[in-house]
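Novice: Assemble the complex: chain A is given as a structure, and chain B must be docked to it using the hints.
Top to bottom, those sequences are chains A and B.
Using the numbering used here, you'd call the opening residue of the first sequence number 1 and step up by one each time.
Using the numbering used here, you'd call the opening residue of the second sequence number 1001 and step up by one each time.
Since the hints were made in silico from the structure, they are not lab data.
Keep in mind the model is a prediction, meaning the values are calculated, not measured.
For glycine and all other residues, C-beta sits at the position ideal for the given N, C-alpha and C.
Check each hint, because a few of them may be wrong.
Stated by the list, open to error - Computed cross-link-like contacts, BS3-like style, restricted to lysine-lysine with a CA-CA straight-line distance of at most 25 Å:
{"hint": "1", "chain 1": "B", "residue 1": "K1173", "chain 2": "B", "residue 2": "K1125"}
{"hint": "2", "chain 1": "A", "residue 1": "K41", "chain 2": "B", "residue 2": "K1167"}
{"hint": "3", "chain 1": "A", "residue 1": "K400", "chain 2": "B", "residue 2": "K1125"}
{"hint": "4", "chain 1": "A", "residue 1": "K56", "chain 2": "A", "residue 2": "K37"}
{"hint": "5", "chain 1": "A", "residue 1": "K173", "chain 2": "B", "residue 2": "K1173"}
{"hint": "6", "chain 1": "A", "residue 1": "K372", "chain 2": "B", "residue 2": "K1044"}
{"hint": "7", "chain 1": "A", "residue 1": "K248", "chain 2": "A", "residue 2": "K282"}
{"hint": "8", "chain 1": "B", "residue 1": "K1200", "chain 2": "A", "residue 2": "K173"}
{"hint": "9", "chain 1": "B", "residue 1": "K1200", "chain 2": "B", "residue 2": "K1167"}
{"hint": "10", "chain 1": "A", "residue 1": "K173", "chain 2": "B", "residue 2": "K1442"}
{"hint": "11", "chain 1": "B", "residue 1": "K1248", "chain 2": "A", "residue 2": "K41"}
{"hint": "12", "chain 1": "B", "residue 1": "K1302", "chain 2": "B", "residue 2": "K1167"}
{"hint": "13", "chain 1": "A", "residue 1": "K56", "chain 2": "B", "residue 2": "K1316"}
{"hint": "14", "chain 1": "A", "residue 1": "K173", "chain 2": "B", "residue 2": "K1167"}
{"hint": "15", "chain 1": "A", "residue 1": "K21", "chain 2": "B", "residue 2": "K1442"}
Stated by the list, open to error - Now the in silico label distances, taken between C-beta atoms and shown as ranges:
{"hint": "16", "chain 1": "A", "residue 1": "E434", "chain 2": "B", "residue 2": "G1047", "range": "45 to 51 Å"}
{"hint": "17", "chain 1": "A", "residue 1": "K21", "chain 2": "B", "residue 2": "D1210", "range": "45 to 51 Å"}
{"hint": "18", "chain 1": "B", "residue 1": "P1116", "chain 2": "A", "residue 2": "K21", "range": "55 to 61 Å"}
{"hint": "19", "chain 1": "B", "residue 1": "E1141", "chain 2": "A", "residue 2": "L399", "range": "34 to 40 Å"}
{"hint": "20", "chain 1": "B", "residue 1": "G1047", "chain 2": "A", "residue 2": "R2", "range": "26 to 32 Å"}
{"hint": "21", "chain 1": "B", "residue 1": "P1116", "chain 2": "A", "residue 2": "A229", "range": "42 to 48 Å"}
{"hint": "22", "chain 1": "B", "residue 1": "P1355", "chain 2": "A", "residue 2": "K438", "range": "22 to 28 Å"}
Claimed, not checked - Covered stretches of chain A (in silico footprint by chain B; criterion: 3 or more residues with CB under 8 Å from a CB of chain B, positions within the stretch not fixed):
{"hint": "23", "region": "29-40"}
{"hint": "24", "region": "67-80"}
{"hint": "25", "region": "86-97"}
{"hint": "26", "region": "104-111"}
{"hint": "27", "region": "224-233"}
{"hint": "28", "region": "290-300"}
{"hint": "29", "region": "347-354"}
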Amino acid sequence: MRYLPKSPAERQEMLAAIGAKSIDELFASIPERFRLKQALKLPGPFSEAEVIQYFKERAAVNAFGYTSFLGAGVYNHLRSVVTDAIIQRGEFLTSYTPYQAEITQGTLQAIFEFQTLMCQLTGQQVANASMWDGSTATTEAVLMAERITGRTRVLVARTLHPEYRDVLTTYAKNSGLHVEEIAYGSDGTLDQNILKSMLKDDVGAVVVQSPNFFGGIEPIAALVDVVHASGALLVTSITEGVSLGLVKPPAEADIVAMEGQSFGLAPSYGGPFVGVLASRDKFVRQMPGRLTGQTIDTDGRRGFVLTLATREQHIRREKATSNICTNQALCALAATVHLTLLGKEGLREMAHQNLSKAQFALDLLTKIPGVKRTFTAPFFNEFTIELPRSARMVNHELLKEKIVGPLPLGPSYPELTKHALVCVTETTTRDDIERLAKGIARALEQPVQ
Amino acid sequence: MSHKIKKATRHTNQNEGLIFEKSSPGKRAFELPPLDVPAADPAKALGPNHRGEGVKDFPEVSEIEVIRHFTRLSTWNYAIDLGMYPLGSCTMKYNPRVNEFVARLDGIATEHPLQPQELSQGCLKILKLLENCLLEITGMEAITLQPAAGAQGELTGLLLIRAYLEKQGNPRKKVLVPDSAHGTNPATAVIAGYDVENIKSESHGQIDVDKLRELVTEDVAALMITNPSTLGIFEERIPEIAEILHAKGALLYMDGANMNALAGIARPGDLGVDVMHLNLHKTFSTPHGGGGPGAGPVAMKKILEPFRPTPILVEKTGHLALEHVRPQSIGKVKAFSGNFGVLVRALAYILAYGPGIRQATEDAVLNANYIRKHLEGTFDLPYSLPSMHEVVFSDALQKRNGVNTMDIAKRLIDYGFHPYTTAFPLIVPGALMIEPTESESKEECDLFIDAMKSIAHEAATDANLVKTAPHTTRVRRLDEVGAARNPILRWDPSRPDKTTVQKKADVAEARHREPAQVTPTA
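Chain A with its partners taken away, still in its complex shape (with noise of 0.2 Å):
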């Protein structure tokens, strides 16, 4: 077998030198009436070239080649192919945890590099290594903020990501945190008045995502202060990290979740992806995840060190800020390598074609008798729209032009049924956007089955 370096020969050498007569005899501790006799029934084994094969015959039946206006917290971003001629080195690639400093500072450096760029994106005082994903990192926001408040009284507006909300809930059941939700307004933001009423002195963490769900763009500054003023935290969650390109960064918040997957990382069905915690320097202590620190060696040279590992889970253990070990090192390396490449002018052009498309398709998609927009707030890629019939059905006859339509928001939000999510980044084009509403158009021309 290609992955195994032995020869037979160096086998029994080996098994020799232990004093062995068979390799079964290195697993006698395990009761006989245990040890497989025969072997597993597993497909294989597979060449290199089957292995292949067998995964291409899956790709050729999935949305490839589909024209997609999916958002909803996975991106398509243009993605240089520098980033995976770095990242698919060995010396990256396959490396370990930097726990020994000394043997893995390019590892270290460059998370140290990540941790700046976080906090410059951001606008916050400290960033983690990593966390798994925009939906674990939110959640172990909230945990932290009820670390530091004490509090276990969460509120969570209505236009946060429903599968976050999700994974909140989840963690919540078994910390005794209670989960309320806060109600969108009109304009498509959360509802101040509605926030205001439901804070109290019982509130740890008030969560918010910018841009929001539906894509509208929340008020981060303005709602600190009423936040602020019951004692609680606010927490901001952001799923589209290109936004702070040209959005201004939630630095009022106490502590940002974001995900960044639009950073340099394939939609890869779901993951691997890249969470992001940064927060103030005041709360680092209650930080989950890893953090990397400068420091100097014997000789005064600067260097790199994990660092504040008391509270990790291998030394603290059951009193740890989190269990979280093996993170997404190798996609926060990705989205280091990313953001270089871009840099500040390339990030902030990406995000305005992005704006620039986005407001080119909602014009045009409103152009369309019965199609209008759902909401007022200022939005960066992603908008809703009301459609006369179910998106479902508009969607169902966009499959047939090889188009992945918006996202029918029916299934999370009830309430909005006649209604889809939008998104449009730099990669798509104009002509995909004439063909989104000619496709549109023609599909609400169809009599209703």
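Specialist: Okay, now just chain B, sitting in the frame of chain A:
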């Protein structure tokens, strides 16, 4: 004194500052295709939300600088691609490149998790096959591929147990965790809402079955066992352990981190385990990538199936589907459907081996025992029961001369290896936890054995050389105490950096630092 270091030799290694220190306004590394729609006015579109300038202090460099920066950084790392990485319980095996290739295919990497399921049948088939393969390997009856890592798998497993016990009428209060357990075990139990009760291992480092019998009451929800244990020793009494728990209505959770000793040889499901997680980034070869991503699927017996996190993969007539509505489910543990790209890599690994996966396990156990045989006597072996895929020594003999496991580990770096796991498991003071995996040739194992013997000799005759190691890395031992006392966690242009400025190649410095004792061989 001199000795021969056979594996590694010095080579020029470039300095490299932070990317921010190379930045200069106006440089760009990436260009976009031109805008094909009217340009929006951001100030008008976003109003007070408009970020007027670009991200402050964001780097501005060219493409070649990005390539050089990260390439130089990469040369500072050790990696499996370079040689043996004997970290215990991490299973640092070869990361097959075909796995990287298939994960990047158009039609795999490009798929959106919310796209229509009729256009995702390829993805769903991959998930289904992986589920079936992992069930076959573990001998369990149901599975979820959702959890993002082992620790999340542990949490999912405990939440499944809680849901099951809740349905019986009483979720119970505590979870038993051996003192040899990985730190994620107790940390996870707390997040699942349980109190942790530690159970002390017996004199051979195994679960103390008599103590267990005392401790298992109807307040105990589960025992979290690692098998083989974190000492690399098979828990022979696991069927008895399962019985004790089951008799009191409690369940047995297995931490599957050490599956590399069992795949194809024995199945946890046959041993009485009720629920377990797997670490795909350990046993199933997905790359560690400097700390992740991983995946932590959870396999379970039928009784826990109704509580699985959503979405659930189901077979309908002629197609597969993901179902999101499951009344008894514990809910979602992560958005979308798991770390799909990692799952693809694990399936590629399994397909490459097929039923021959047993050979990998045999080679892993062979390597560990070969190393144990050669180092027994040189290093103290605190627990003498047979080792499986890893062996745990202690630094007791070297401590006599003031040399501890961390010192030995740092000196091992000079010999061209990554250190083994130091100071874990907690039940072995001064532990040296060594797991070679099946990916090591006899040659690499022999080099490792020679290196360890040589270091033991140094510890006895020139302790200071070991205590001040490493000598040949680009940085010497780093001040971790200082790093924690005064945390600097990001680059900040307003804070002066008083450390030595890094120029391209400090040739003079290298000559000055060449320790006479280290003689590279030809």
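Novice: Does K282 (chain A) sit within 25 Å of K248 (chain A), going by the straight-line distance between their CA atoms?
Specialist: The given pair, whose Cα atoms are some 22 Å apart, holds under the 25 Å limit.
Novice: CA of K41 (chain A) to CA of K1167 (chain B), is that 25 Å or under?
Specialist: Violated, at about 35 Å.
Novice: Hinted pair, alpha-carbon criterion (25 Å max): K173 (chain A), K1167 (chain B). Please report holds or violated.
Specialist: 15 Å, holds
Novice: Is it true that the CA of K372 (chain A) sits at most 25 Å from the CA of K1044 (chain B)?
Specialist: Holds - the C-alpha atoms of K1044 (chain B) and K372 (chain A) are around 21 Å apart, at most 25 Å.
Novice: Hey, K56 (chain A) versus K37 (chain A), does the alpha-carbon distance stay inside 25 Å?
Specialist: Status violated; Cα separation ~34 Å.
Novice: For the pair supplied as a hint, K21 (chain A) and K1442 (chain B), confirm whether the alpha-carbon distance does not exceed 25 Å.
Specialist: 18 Å, holds
Novice: Does K1167 (chain B) lie within 25 Å of K1302 (chain B) when you go C-alpha to C-alpha?
Specialist: Status holds; Cα separation ~15 Å.
Novice: Taking only the CA atoms, is the gap from K1200 (chain B) to K173 (chain A) under or equal to 25 Å?
Specialist: Not OK: K1200 (chain B) and K173 (chain A) at ~31 Å, beyond 25 Å, violated.
Novice: K1200 (chain B) and K1167 (chain B) were given as a pair; does the straight-line alpha-carbon distance stay at or below 25 Å?
Specialist: The hint is violated at about 31 Å.
Novice: Establish whether the coverage given for the region 104-111 of chain A by chain B is satisfied; the threshold is a Cβ-Cβ distance below 8 Å, and no fewer than three residues must meet it.
Specialist: holds (count 7)
Novice: Should the hint that P1116 (chain B) and K21 (chain A) are 55 to 61 Å apart at their CB atoms be regarded as holding?
Specialist: 58 Å, holds
Novice: Is the hinted range of 34 to 40 Å satisfied by the C-beta distance from E1141 (chain B) to L399 (chain A)?
Specialist: Hint holds: Cβ distance 37 Å, inside 34 to 40 Å.
In terms of the numbered hints stated before, the structure departs from hints 1, 2, 4, 8, 9, 10, 11, 16, 17, 20, 22 and 27, listed from lowest to highest.
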